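6 protein chains.
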Amino acid sequence: MKVCRRVNFNAAHRLYRKDWSDEKNDAIFGKCNNPNFHGHNYVMEVWIEGDIDPETGYVIDLKILKDIIKEEIVERFDHKNLNLDCSEFENLIPTAENIILVSWNLLRSRLDEKFKLKLKLWETENNIFEYEGL
Amino acid sequence: MKVCRRVNFNAAHRLYRKDWSDEKNDAIFGKCNNPNFHGHNYVMEVWIEGDIDPETGYVIDLKILKDIIKEEIVERFDHKNLNLDCSEFENLIPTAENIILVSWNLLRSRLDEKFKLKLKLWETENNIFEYEGL
Amino acid sequence: MKVCRRVNFNAAHRLYRKDWSDEKNDAIFGKCNNPNFHGHNYVMEVWIEGDIDPETGYVIDLKILKDIIKEEIVERFDHKNLNLDCSEFENLIPTAENIILVSWNLLRSRLDEKFKLKLKLWETENNIFEYEGL
Amino acid sequence: MKVCRRVNFNAAHRLYRKDWSDEKNDAIFGKCNNPNFHGHNYVMEVWIEGDIDPETGYVIDLKILKDIIKEEIVERFDHKNLNLDCSEFENLIPTAENIILVSWNLLRSRLDEKFKLKLKLWETENNIFEYEGL
Amino acid sequence: MKVCRRVNFNAAHRLYRKDWSDEKNDAIFGKCNNPNFHGHNYVMEVWIEGDIDPETGYVIDLKILKDIIKEEIVERFDHKNLNLDCSEFENLIPTAENIILVSWNLLRSRLDEKFKLKLKLWETENNIFEYEGL
Amino acid sequence: MKVCRRVNFNAAHRLYRKDWSDEKNDAIFGKCNNPNFHGHNYVMEVWIEGDIDPETGYVIDLKILKDIIKEEIVERFDHKNLNLDCSEFENLIPTAENIILVSWNLLRSRLDEKFKLKLKLWETENNIFEYEGL
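Residue numbers (the numbering used here), protein chains in the order written: chain U, 22 to 155; chain A, 22 to 155; chain W, 22 to 155; chain D, 22 to 155; chain H, 22 to 155; chain B, 22 to 155.
Hints are computed from structural coordinates only; laboratory data are not their basis. Source: prediction; values computed, not measured. Do not rely on the hints blindly, as some may be mistaken.
Note: identical chains are not told apart, hence a pair may lie in one copy or across any two.
Said to hold, decoys possible - 30 Å max Cα-Cα, derived DSS-like pairs, lysine-lysine:
1. K135 with K84
2. K84 with K52
3. K84 with K45
4. K84 with K23
5. K39 with K141
6. K135 with K23
7. K91 with K137
8. K23 with K39
9. K135 with K52
10. K135 with K87
11. K135 with K45
12. K23 with K91
13. K141 with K91
14. K23 with K139
15. K135 with K91
Whenever a hint applies, use it, and build me the whole structure from the sequences.
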């Protein structure tokens with residue numbers, strides 16, 4: 022049985038590598054390399070897989086999951102500049118792939134080992150990402 | 022090849038256990054334990070996995086699947102009180118997890134064994150559930 | 022300039038008149054007359070029309086509007102039985118038309134007279150309602 | 022890690038077999054057998070599974086994926102009559118199942134072997150399809 | 022008070038004028054001038070403005086409105102070729118503007134004069150139309 | 022008759038006044054005053070009101086409207102920092118109200134006087150704005 026809580030956060034970011042020339046950054050990252058940043062409304066679905074607790078009829082209380090997501094993801098990334106405000110991206114390009122990877126590790130460490138974890142992330146309505154660990 | 026039909030039903034429910042005190046029910050189920058019930062617009066996706074029939078180009082005729090879903094799910098749960106009107110939940114808390122489990126068993130018994138069955142259920146736009154059997 | 026905050030609440034209700042026979046209630050209200058209630062995820066948009074404050078660039082701070090909506094609408098109706106828990110519907114059928122009318126009056130009394138107020142309410146994804154006063 | 026690009030195309034089609042009588046075509050395909058065709062706004066999600074490139078933080082540059090989808094899917098099917106304009110459906114009924122199968126083969130041939138490919142197709146908001154190869 | 026019922030229909034069409042050259046039709050209507058037609062999933066919102074009936078709490082019974090829309094719009098246009106199957110467009114280009122105009126006249130003739138009527142039509146998720154009469 | 026084209030742009034911004042203290046900026050603009058910026062996926066609907074051209078069945082060719090919006094809005098604001106990259110906001114706080122006001126003036130100057138113009142802007146799925154001139 023899989024259960025999911027959906028959340029939103031709004032953040033600025035820039036895609037570039039300090040060790041590349043401006044030309045190479047522009048060639049690879051295009052307009053995402055704007056030195057003054059741009060931003061997105063990110064939508065994240067947090068999916069937990071586990072057994073139904075026969076006492077409560079819940080896999081996990083979604084109110085508790087919501088609080089964990091708020092602490093680990095929303096308070097960390099919402100209304101932030103991912104490159105400048107978030108130490109997770111000090112040496113990691115904040116592509117959607119890396120945002121979902123970082124988020125998965127943050128949430129994984131807060132959840133009981135009996136649960137499987139999968140994340141889905143919308144960066145725009147046309148660019149979507151999914152990760153469930155290795 | 023997987024094919025899906027999406028349906029809606031609107032129902033009232035209450036989450037609580039008769040064998041628990043009011044305090045424990047409130048602690049675990051919070052405002053979902055309102056004795057006078059509350060309700061949701063449920064959205065369900067019914068996913069069938071099978072081979073394409075080379076004669077028709079269909080896995081299953083979705084008009085037929087729609088009729089099965091109408092008989093088993095919509096007529097049973099739509100505009101109903103899940104706790105009071107539906108015998109399936111006489112001794113089972115109508116959490117979304119249990120609704121999807123009951124629905125999966127109802128639909129499974131109506132479908133050819135050659136098909137795999139997966140359900141996805143939205144209780145709200147932020148709380149989502151998925152089940153594909155054991 | 023018009024600005025809007027969107028909110029959700031989930032409630033149970035029943036459409037019927039005590040002064041009508043069961044037959045007449047069924048004829049007029051159909052399955053919405055289930056004596057055990059059914060329910061919906063209501064979505065409400067609260068639209069305020071006014072001038073931009075040249076100092077802040079806001080018509081109204083949407084965080085403040087959000088708090089007013091929470092106090093007047095969400096805390097009053099969310100996870101409630103509109104017929105049994107809400108005195109507003111003691112002598113008023115909780116159709117979507119009456120829910121939006123009651124909500125408009127509640128919000129109107131909390132807003133500065135300089136603002137116009139319009140509400141939009143989704144009872145289901147196919148049944149939608151709008152009211153902006155007389 | 023899975024990444025996805027979403028696209029749209031609008032097309033006309035008719036479901037029928039030349040080797041069946043009109044009666045049989047009507048019995049199986051119903052109103053989808055209108056000899057003058059009908060049409061849909063198709064929405065397709067193209068999902069690629071692969072490893073994150075540690076240099077760019079991308080699985081695949083979605084701008085490049087977008088261009089491949091445009092060439093193989095959008096330019097081929099958008100504003101077309103699938104039965105009359107598209108050689109892929111000269112001897113294949115353009116059901117959504119066959120559209121997704123044809124599209125999967127077209128995209129598969131353009132992508133590096135290291136990537137897995139999955140497609141999701143909405144024919145209407147209630148009829149959805151998914152295919153990831155054999 | 023305004024109330025709305027939302028419906029869908031799927032149709033094929035072609036935009037062109039018989040009295041124009043192919044070159045002019047292509048210049049004005051572009052790929053919408055495909056002689057073999059293309060198609061869309063149309064979504065229509067039918068908005069009625071009137072007073073709340075104090076007896077029922079309804080402006081109009083949306084089940085009745087739904088039946089009128091089914092008879093006048095859905096059965097007429099769904100799974101049809103607007104150019105070939107619908108006499109309304111025998112001498113009228115089936116642009117979304119003309120579809121909404123024709124639909125408004127059809128529905129207007131079925132509704133009590135005390136109601137105002139407004140239609141909203143999505144031809145794609147990016148092209149939207151609205152008409153409320155002269 | 023009203024016709025609409027919907028577009029998207031993704032941008033970073035910060036809400037603050039240089040002539041206010043940090044304390045006052047925080048009190049009024051909260052987390053929107055992050056000195057390192059945050060961002061949004063803006064969705065804009067551009068509505069034109071006019072008569073149907075009897076020759077084409079169009080109010081305005083939406084392909085032409087799309088090009089105007091691309092030049093005036095998307096190329097100006099997409100993947101930009103509204104505060105640092107856009108001269109329009111050099112002395113104007115980039116609230117959604119001011120973004121829609123600036124956009125309306127830019128589009129108004131490009132459209133024939135016979136058309137009325139209305140804009141609708143989503144900053145998030147819960148914060149929405151509308152402007153149609155004075």
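Hint check:
1. K135 with K84: Within one copy, since 19 Å is at most 30 Å while 38 Å is not.
2. K84 with K52: Between. Shortest inter-copy distance 11 Å satisfies the 30 Å Cα cut-off; intra-copy 39 Å does not.
3. K84 with K45: between (45 Å within a copy, 16 Å between copies)
4. K84 with K23: Both ways: K84 and K23 sit 15 Å apart in one copy and 28 Å across, limit 30 Å.
5. K39 with K141: Within one copy only: 29 Å inside, 37 Å across.
6. K135 with K23: both (13 Å within a copy, 24 Å between copies)
7. K91 with K137: Within one copy only: 19 Å inside, 33 Å across.
8. K23 with K39: between (41 Å within a copy, 26 Å between copies)
9. K135 with K52: between (42 Å within a copy, 27 Å between copies)
10. K135 with K87: within (18 Å within a copy, 36 Å between copies)
11. K135 with K45: between (44 Å within a copy, 25 Å between copies)
12. K23 with K91: Classified as both: same-chain Cα gap 20 Å, cross-chain 24 Å, threshold 30 Å.
13. K141 with K91: both (16 Å within a copy, 24 Å between copies)
14. K23 with K139: both (10 Å within a copy, 11 Å between copies)
15. K135 with K91: Within one copy only: 21 Å inside a chain, 36 Å across chains, cut-off 30 Å.
Checked against the numbered hints above, the structure violates none of them.
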